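When you get a sec, could you build the whole thing from the sequences and use the hints?
Chains as they are written, first to last, in the UniProt record's numbering: chain P, 1 to 324; chain E, 1 to 188.
Calculated directly from the structure, the hints in this document are not laboratory data. Treat each hint with caution, since some may be false.
[As the list claims (entries may be wrong)] Computed footprint of chain P on chain E; a stretch qualifies when at least three of its residues, placed anywhere within it, have a C-beta under 8 angstroms from a C-beta of chain P:
#1 114-122
#2 153-163
#3 170-181
Predicted model only: the values in this text are computed from it and were never measured. Glycine included, C-beta positions come from ideal geometry on N, C-alpha and C.
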Amino acid sequence: MASNIKNLVEKTEKTAESSNDPIYETNWCDMPADIKLECIGKMELKERLSLRCTAKTEKSLVDSKKMHFIECTFGKNYIGFSSKNEYFFAEKFEDQEAWLNLMQYILKFGVFDKINFRRGVEELVNICFLGNFSQLIPAKNIEIGPFNMTTVINILQKFKDDAESISLDSLIQTEFLDAILQYSHVQNASYCQIKSLGRSEDIQKIAQMWIDNDSKIGTTFQITSDKNYSFELIPTHFADRIVSQTEKRIRIRTNNPAKHILVELEHQSEEVVVVILVCRFYRLMVISADMKESEYDDNNEERMRKMVPEWFDWGYDSDGEYED
Amino acid sequence: MSSTEQGTSSAAPAEPTTAPESAAAPEVPESFYYVHGKDKVVHKVSAGALQHSALIHGMISNLGYTEEQAKANPFPFENIDGDILQMVVDWCNQHKGKPTPPEDTNLPKQKEKLFDLVLAVNYLEIKELLTYCCKQVAMMVKGKSPEEIREIWMIPTDAEDEAAEKEAKKRAGKEAAGETAAAAGDAK
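This is the structure:
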């Protein structure tokens, strides 16, 4: 009894002594969930992944916070991305499951300004998307391929259909455009490009889709194809809609009197003539019906170079990297 | 005014501390308000500095206090430790009327102190400072493994969580049984 009282007195004295000094006992677990999420939002990928391995509650918290990627690329044997706080590059590690988990995490919890699926990852991407993706992936700009058409569609379907731009490579698959135009992703995008279109006579279908959907002014489609005959077929398809026609440009009416569609066979300068010999560039665009011919954008070389840089710049690897 | 009103840096001064003024003197006389934390030390802060806190700004915007009324009615923040409140007041003064920089290196590095600051700043609704604090919290675990993070932030493992939950359930069950027995005893 006496010792108990002694202990109590000691304790009280100690408390009194230290009462002027604040005692800091607050820790991560005392933080409200919204503050934790704010902190998680400031973490880089590695720390997020580490935190979600500490406990179930932390895992679900981390997973509820989307991560913003400025650009993310899945390439053959690598994943690279840049975000506001970091630049990340990982070469494929031997542990296949861990690699797939990383891919899945990024795809499940990422919000992308730009996402690229490059040559060599087709199989992995298909396996990755077998996983449970309950939500559609948000991305402003999507670049896919060159892949098999089924894979392209499989990937597209995992994304929200509000991307601003979509870049595809059809690998000269003949049914490619028909299949792709069915998807709202392509219908809604303000810019689309398809490389190596198998049947260039199909490009009239793009114009028809825009007419049917009354697409916005500025909506643009760029195509490369090694075929040359479709441009001549446009007037046949739209005989009653022709506004003007030259060797390189055809302007057609839409059902909306405020909008026209301009179809251009990109003309070449001497510098790029070699490229043009093996490839045709087409550009389709919804324009204002008031647009004058003098307002047409003739700076086609820059946009062709941007679309297929590997054909213009020696040493450019189509995976987007310059080789030494 | 509370009899415990003190200066901020020492216990001696009887008058509340005056916040350091920004270099440019305002043309119109600035109004001041008074706040105190758990330690009852009163801080005199200009309305301009307090604009950082959405909570206090909302409280004072319609008060129309005179200097005397403000002095006589300091805002009590009993849930905030004195030195944490001091930090907040200092930050508000330093950034009064200035654009907030992208980084703030003056935040405490001690984790417990930082977490207390986070809670205070969150309560006082100081958005910019909260952003800095959260960044600082995130930096605490930069490059750390799950085990290291668990140790630094004292995160219980799932097994520990489950054990604690079981223990709590057990205790609640015992208490409920005790209450039932007591109620039965009363009924008899």
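Verification of the hints:
Residues of the segment 114-122 of chain E lying with their CB closer than 8 angstroms to a CB of chain P number 5, which satisfies the three-residue condition for coverage. For the segment 153-163 of chain E, the proposed coverage by chain P is satisfied: 7 residues have a C-beta within less than 8 angstroms of a C-beta in that chain, meeting the threshold of three. Residue count for the segment 170-181 of chain E with a Cβ under 8 angstroms from a Cβ of chain P: 0. That is fewer than the three needed, and the coverage hint is violated.
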